[in-house]
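FYI, the numbering for the sequence shown is 16 to 188, going by the numbering used here.
Quick caveat, the hints were computed from the structure, so don't treat them as lab data. Don't take every hint at face value.
DSBU-like mimics (lysine-lysine), calculated; alpha carbons at most 35 Å apart, straight line [claimed, not checked]:
id, residue 1, residue 2
1, K138, K87
2, K120, K147
3, K146, K110
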Amino acid sequence: CHLAASFFALKNQSFKAMSVSSTPRRNEDGLGEPEGSASPDSPLARWTKSLHSLLGDQDGAYLFRTFLEREKCVDTLDFWFACNGFRQMDLKDAKTLRVAKAIYKRYIENNSIVSKQLKPATKTYIRDNIKKQQIDSVMFDQAQTEIQTVMEENAYQMFLTSDIYLEYVRSGG
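Given the sequences, and given the hints that come with them, work out the whole structure.
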């Protein structure tokens with residue numbers, strides 16, 4: 016994941032220096048909002064309020080995913096969505112144990128970007144539950160929270176200043 020190094024370099028800069036300095040274009044009669052600006056209740060405005068708002072919007076989630084793919088960090092988002100899906104599964108369904116094992120194997124058991132971001136106790140808790148076949152709908156919640164915090168502090172902040180996001184805003188979404 017290239018974000019960690021980029022983010023720490025960015026933290027040393029002033030966020031003011033990162034603002035877009037070009038003057039926004041206005042419509043032909045010079046009235047109204049600048050092109051690409053977002054009204055307070057628009058999806059673009061909501062995206063800047065929280066990671067949840069961004070991920071709750073189909074276009075926002077797609078754009079954020081595209082950004083994470085470029086940064087080679089998309090597994091964090093995929094894991095976050097996998098946890099959401101798992102939480103909604105019927106515990107009586109025979110597939111639930113298989114899905115829990117698949118999530119564990121894909122994101123936690125190996126040395127992936129997700130695994131590296133999780134606390135050892137969190138990984139142990141999930142591993143032990145799977146070994147004992149003690150599956151519950153919230154067994155991945157702590158891991159999801161840890162990954163969400165990492166995304167909020169790093170990837171989400173970088174996304175809001177990224178070329179892909181700024182171009183989307185300039186084009187009016």
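Hints, one by one, checked against the model:
Proposed proximity of K138 and K87 is supported: the alpha carbons are some 22 Å apart, at most 35 Å. For the given pair, K120 sits about 16 Å from K147 by alpha-carbon distance, which is consistent with the 35 Å threshold. For a cut-off of 35 Å, the pair hint linking K146 to K110 stands: about 16 Å separates their Cα positions.
The structure shown violates none of the earlier numbered hints.
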